[in-house]
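There are 2 protein chains.
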Amino acid sequence: MEVIGVFNAGVTRYLDETILLLRVAERPINDNPEVYVVPLYHPSEDRIVLQEIERKPEYDFSDVRVIRTPERNYLTSMSHLRIARSTDGIHFTIESEPTLLPSGPYESYGIEDPRITLIDNIYYITYSAISELGICTSMITTEDFITFTRQGNIFHPDNKDVAIFPASIGGSYYALHRPSCSHYGQPEMWIAESGDLKQWGNHRHLIGVRPGFWDDGRIGASAVPFEIEEGWLEIYHGADKSNRYCIGALLLDKHEPWKVIARSVEPIMEPETDYELEGFFGNVIFPCGALHEEGLAKIYYGASDTSIGYAEVTIEAIRANLGLKQLNNQL
Amino acid sequence: MEVIGVFNAGVTRYLDETILLLRVAERPINDNPEVYVVPLYHPSEDRIVLQEIERKPEYDFSDVRVIRTPERNYLTSMSHLRIARSTDGIHFTIESEPTLLPSGPYESYGIEDPRITLIDNIYYITYSAISELGICTSMITTEDFITFTRQGNIFHPDNKDVAIFPASIGGSYYALHRPSCSHYGQPEMWIAESGDLKQWGNHRHLIGVRPGFWDDGRIGASAVPFEIEEGWLEIYHGADKSNRYCIGALLLDKHEPWKVIARSVEPIMEPETDYELEGFFGNVIFPCGALHEEGLAKIYYGASDTSIGYAEVTIEAIRANLGLKQLNNQL
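In order, the protein sequence lines correspond to chains E and G.
Numbering follows full-length UniProt numbering, in which position 176 of the first sequence is assigned residue number 176; successive positions increment by one, without gaps.
Numbering follows full-length UniProt numbering, in which position 189 of the second sequence is assigned residue number 189; successive positions increment by one, without gaps.
One or more of the hints may lead you astray.
Intra- or inter-copy, both count: the list cannot distinguish identical chains.
Heads up, simulated SDA-like pairs for lysine to any residue below, C-alpha to C-alpha not over 20 Å straight-line [said to hold, decoys possible]:
hint	residue 1	residue 2
1	LYS325	GLU71
2	LYS241	THR69
3	LYS259	PRO43
4	LYS241	GLU132
5	LYS259	GLY152
6	LYS254	ASN202
7	LYS56	ASP31
8	LYS56	PRO33
9	LYS298	PRO166
10	LYS325	VAL313
11	LYS241	PHE226
Keep in mind the hints are simulated off the structure, nothing from the lab.
Can you build the whole structure from these sequences, using the hints too?
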């Protein structure tokens, strides 16, 4: 296997360190042009098997990330999660071994796109568990980033982009999530409610795609929401119909987070640099986390499914983007 | 509007009556061959609007139940739920008014396919809530079938065929459910866990479609499971790839209902009669409920999305179908 990308990392603070939980994507090294080789985790044997797929004309290889055959679809790479640590938030040391590897029947295609929420000294890590059974969101908890406890699938397939709010609100926990529908719905953002962070209900549609806008194709939560003066600020991702991914902001009511106060008309950030425009899957900036410190949103984002970028934006600039009055005017 | 079918009814006992909660499907009466007319519930105005759809060549009218356009899909009919009552389980009096009508943003295409679970004197009604936002499963509770309380969406889209077990097992409640996946998974049966019947987690895949069998296309829970000597007996539905719906049985472990003990190799019932073979959507038998009484499963099932049939099968016959030893031999 070779690493083809390190991207879409969850981020948090632990003691005096910034922790990134990296998505590391690997694919088999293959010199045979006659076949594709895809990695599959076999839960019954607890090992990764490399499976050859013939280049049949009826198979669809048009998306570099997926091979579509009439029988089933395969991912061309497999991801695991790995910790990187930093004392300044910029220079990171990547651990030499995977932190979390695929395990069990729901992860045979890999684990992806973690988000980390800290509540009462427990870190709740949500991530996409991909298998031939569908795309579930699973949860793992840790208190120290050394010992991890698997908590099972908290959302049934298909669901991804789950970001849990970092505090209970009116006695309930809330999570943003993104179901995919087969029949009528669009890939849009929903909000769910929980008493224990494991069992979720009261699913409500939160925001939809906007025809003609930068986010008219698909949207989902990116960062764990954080609190500002006016409510909960969510840094989310939206793609247009040509799969160009940008970053926007969403402001939710402080006490009733299922109520939308404001939403970016224009993105707060677009793919611009070489590494954002080109890569394994180009024209993509995709955060899985942001830190809210020093009046800034410090955004760690996947660039083109290949690398990780870092951007700082002032909360004031996000306020302006959202059309909110400047705080100075309110005071 | 005209009624085009009464089918897929939930069933339970209340006092000395058998209660059916009927799915009543209606469509607009339309004399204009130039257009289709579909009913849409508008939640903001709380009324049903009849919308004309041109018969454009690029629209797909091949499925009598659905109109597919590039922008969105429509249902050709709209369903509500209505009570019928009987003292003998055979002769029913249908109430003159709808019991539950579409309401709110998740039901603009109608409400369908109720299941009724009795726990501690409360009836938990789960049903499919269909809208342009997707297919959710919602819950309504009642104690008397006069006053009803809406409990919101308990499963996010797409999900249907939810049947809640009628008792807690080892301190948790369980529900069978059927997600639909856009990317990798099949329409198959899952099981979820809950502490309060409203918030659900620990989603696990239970059984899949079986290539070459009568249930190789799609499967889902039908009746609310009931307890027999060997475990929990589920009367489920399975369709083959040509949409022929049959009824099968599934036996789950009494204490660990996520473990499968036995499953019908052959259906326990297949479409045979005229009214099962032909109708609005023919070749379909589809139960949403069964009563377990007098050593019988009394199955109320939708026939061809048009009418409701009734069948009795002995538990002994189901045991034989499942390949279980006859109880007499065990004693």
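So, going through the hints one by one against the coordinates:
1. Proximity of LYS325 and GLU71 under a CA criterion of 20 Å is satisfied in neither setting, with 54 Å inside one chain copy and 37 Å between copies.
2. When the C-alpha separation of LYS241 and THR69 is checked against a cutoff of 20 Å, the pair qualifies only between copies, where the shortest distance is 17 Å, while the shortest distance within a copy is 23 Å.
3. Taking the shortest alpha-carbon separations for LYS259 and PRO43, only the inter-copy value of 17 Å comes in at or below 20 Å, while the best intra-copy value is 41 Å.
4. In this homomeric assembly, LYS241 and GLU132 come within 20 Å of each other (Cα to Cα) only across copies, at 19 Å, whereas the closest approach inside a single copy is 26 Å.
5. In the homo-oligomer, the alpha carbons of LYS259 and GLY152 lie at most 20 Å apart only across protomers (16 Å), although the nearest pairing inside one protomer, at 29 Å, exceeds that limit.
6. For a Cα distance limit of 20 Å, the shortest separation of LYS254 from ASN202 inside one copy, 18 Å, qualifies, whereas the shortest one across copies, 29 Å, does not.
7. Only within a single protomer do LYS56 and ASP31 lie at most 20 Å apart by alpha-carbon distance; the minimum there is 18 Å, versus 50 Å between protomers.
8. Proximity of LYS56 and PRO33 under a CA criterion of 20 Å is satisfied intra-copy only: 12 Å inside one chain copy versus 45 Å between copies.
9. For a Cα distance limit of 20 Å, the shortest separation of LYS298 from PRO166 inside one copy, 17 Å, qualifies, whereas the shortest one across copies, 49 Å, does not.
10. Proximity of LYS325 and VAL313 under a CA criterion of 20 Å is satisfied intra-copy only: 17 Å inside one chain copy versus 69 Å between copies.
11. In the homo-oligomer, the alpha carbons of LYS241 and PHE226 never lie at most 20 Å apart, since the shortest distance is 29 Å inside one protomer and 47 Å across protomers.
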